[in-house]
Amino acid sequence: AQSVAQPEDQVNVAEGNPLTVKCTYSVSGNPYLFWYVQYPNRGLQFLLKYITGDNLVKGSYGFEAEFNKSQTSFHLKKPSALVSDSALYFCAVRAYSSASKIIFGSGTRLSIRP
Amino acid sequence: EAQVTQNPRYLITVTGKKLTVTCSQNMNHEYMSWYRQDPGLGLRQIYYSMNVEVTDKGDVPEGYKVSRKEKRNFPLILESPSPNQTSLYFCASTQWGSTDTQYFGPGTRLTVL
Numbered sequence: 001a002q003s004v005a006q007p008e009d010q011v012n013v014a015e016g017n018p019l020t021v022k023c024t025y026s027v028s029g030n031p032y033l034f035w036y037v038q039y040p041n042r043g044l045q046f047l048l049k050y051i052t053g054d055n056l057v058k059g060s061y062g063f064e065a066e067f068n069k070s071q072t073s074f075h076l077k078k079p080s081a082l083v084s085d086s087a088l089y090f091c092a093v094r095a096y097s098s099a100s101k102i103i104f105g106s107g108t109r110l111s112i113r114p
Numbered sequence: 001e002a003q004v005t006q007n008p009r010y011l012i013t014v015t016g017k018k019l020t021v022t023c024s025q026n027m028n029h030e031y032m033s034w035y036r037q038d039p040g041l042g043l044r045q046i047y048y049s050m051n052v053e054v055t056d057k058g059d060v061p062e063g064y065k066v067s068r069k070e071k072r073n074f075p076l077i078l079e080s081p082s083p084n085q086t087s088l089y090f091c092a093s094t095q096w097g098s099t100d101t102q103y104f105g106p107g108t109r110l111t112v113l
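For the record, the sequence lines run as chains B and D. Heads up: the first sequence begins at 1 in my numbering, then just goes up one per residue. Heads up: the second sequence begins at 1 in my numbering, then just goes up one per residue.
Since the hints were made in silico from the structure, they are not lab data. Only a predicted model underlies this, so the values are computations on that prediction, with no experimental measurement involved. Think of the CB as a built atom: it goes at the ideal place given N, C-alpha and C, for glycine as much as any other residue. Relax, there's no trap hidden among the hints.
Here are some, though not all, of the chain D residues that point toward chain B, as calculated from beta-carbon distances under 8 Å:
| id | residue |
| --- | --- |
| 1 | GLY42 |
| 2 | GLN45 |
| 3 | ASP100 |
Modelling step: build the complete structure from the supplied sequences, incorporating the hints.
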């Protein structure tokens, strides 16, 4: 069965410091992996995805994520955090062989202090 | 502008009173889906549709119905709402293929008293 784990409910980082939001997954076969961001009172917005190829994926707003097959992880990173990065972040996975099933993690609230 | 719209955005109702939340997309996407978002549980899929007249259950379908008579519309129906269906609901659509990116609506906050 597919699953996604975001082990941290909340991550607190000072502005200007690097940030990491963790995600691990379990899926049969090759995964499609996604990160979405949700700002207050808004729907989810796509940040980046891993389908195949380079393990380091670059996305919107300066975010990037590294696919690590041996550790089944897809952590979201940014070298220098901004206060405007404060939001709720969701990791999601879909099995390559499944045309329908996308599983979302429980979400991590990122708080950037000035 | 490419978008997914939902109506209403906010709804307070009482137990047992049938309601429909509409969802419409203007991107000619084949795949549409409904999710509910609850604190600590993330997004859970309620129903999805691969195309017109093709729908299937997600992880939490109990108490919900959907229909897909047209490609652009995917309404969510609660025949007899109960308080445990109080939640934030999102509709999403995608062109299944190389991009796989889902586009989400703004959400509908439902309260069932």
